[in-house]
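Those protein sequences? They're chains E and Z, same order as listed. Counting in the numbering used here, the first sequence runs from 1 upward without gaps. Counting in the numbering used here, the second sequence runs from 1 upward without gaps.
Not one of these hints is a red herring.
Here are the computed lysine to any residue pairs in the SDA-like style, where the Cα-Cα straight-line distance is at most 25 angstroms:
no., chain 1, residue 1, chain 2, residue 2
1, Z, Lys86, Z, Arg127
2, Z, Lys15, E, Glu63
3, E, Lys67, Z, Ala69
4, E, Lys67, Z, Lys86
5, Z, Lys64, E, Arg62
6, E, Lys67, Z, Ile122
7, E, Lys67, Z, Asp12
8, E, Lys67, Z, Leu95
9, E, Lys67, Z, Phe99
10, Z, Lys15, Z, Asn52
11, Z, Lys28, Z, Gly94
12, Z, Lys86, E, Glu16
13, Z, Lys64, E, Gln43
14, E, Lys67, Z, Phe80
15, E, Lys67, E, Glu16
16, Z, Lys46, Z, Gln13
17, Z, Lys86, E, Gln20
18, Z, Lys15, Z, His60
19, Z, Lys86, E, Asp15
20, Z, Lys86, Z, Ile23
21, E, Lys3, E, Val80
22, Z, Lys86, E, Asn21
23, Z, Lys64, E, Tyr66
24, E, Lys67, Z, Arg98
25, Z, Lys15, E, Arg65
26, Z, Lys46, Z, Val8
27, Z, Lys64, E, Arg65
28, E, Lys67, Z, Ala72
29, Z, Lys86, Z, Val109
30, E, Lys67, Z, Ala78
31, E, Lys67, Z, Ala125
32, Z, Lys86, E, Gly22
33, Z, Lys86, E, Phe68
34, E, Lys67, Z, Val97
35, Z, Lys86, E, Thr33
36, E, Lys67, Z, Pro103
37, Z, Lys64, E, Phe68
38, Z, Lys86, E, His36
39, Z, Lys86, Z, Thr117
Quick caveat, the hints were computed from the structure, so don't treat them as lab data.
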Amino acid sequence: MFKALADPTRRTILDELTRQNGQTLFEICGRLTTAHGLGSSRQAISQHLDVLEAAGLVETRREGRYKFHYINTGPLQYIVERWLGRPSGPERP
Amino acid sequence: MRINLTSVFVDDQEKALRFYTDILGFEKMHDVPLGEDRWLTVVSPKDPGGPNLLLEPSSHPAVKPFKEALVADGIPFASFDVDDVKSEYDRLRGLGVRFIQEPVEMGPVVTAVLDDTCGNLIQIAHRPI
Chain E
1 MFKALADPTR RTILDELTRQ NGQTLFEICG RLTTAHGLGS SRQAISQHLD
51 VLEAAGLVET RREGRYKFHY INTGPLQYIV ERWLGRPSGP ERP
Chain Z
1 MRINLTSVFV DDQEKALRFY TDILGFEKMH DVPLGEDRWL TVVSPKDPGG
51 PNLLLEPSSH PAVKPFKEAL VADGIPFASF DVDDVKSEYD RLRGLGVRFI
101 QEPVEMGPVV TAVLDDTCGN LIQIAHRPI
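Just chain E, same shape as in the assembly (with noise of 0.2 angstroms):
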């Protein structure tokens, strides 16, 4: 997972489908392109996309013949629970 969110192409399709979720390959590349001047090719974003999908951070529905793209933030939450719960001991002077 850290190696998928390593990459910042990879970073902003996070962003991109946090604005909006469920999004093809094609609105994919272009909001990458339009909104932050990213001119990697489709087939570079499609890889992208399946680095990001064996890190489990985003997953793809197929909708008829249509294939979606959704983010979902689970794995994230593993590393909340491991370093930003409230550690014991006391306080930071």
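Start from chain E and add chain Z according to the hints.
Just chain Z now, with coordinates in the frame of chain E:
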């Protein structure tokens, strides 16, 4: 050089004619019987001397996988100019048209993507002044 004809591959010419005229608002220009198929074109009533859109039968074996792959990735086959994407989106939604991309600002243009019910995705766009 000018563009006088471009085409979309349609699964069913009669169904396509209805969609492109009754729903999208184009007008039939040529309708010539050609065996099982027709030389079937439509034009925009706003530009009757403009390019014809040929509703080309998609019976060639290469066409089906090509169209399916484009549709899966949301890639529109053609783009049509409208005065205002949002109002056209509302009008077409009211007629039961399925959109797979709602109106979005894409740099200098506003675009939306609809399903033409004949196996294609079509983009509509306008450039705000």
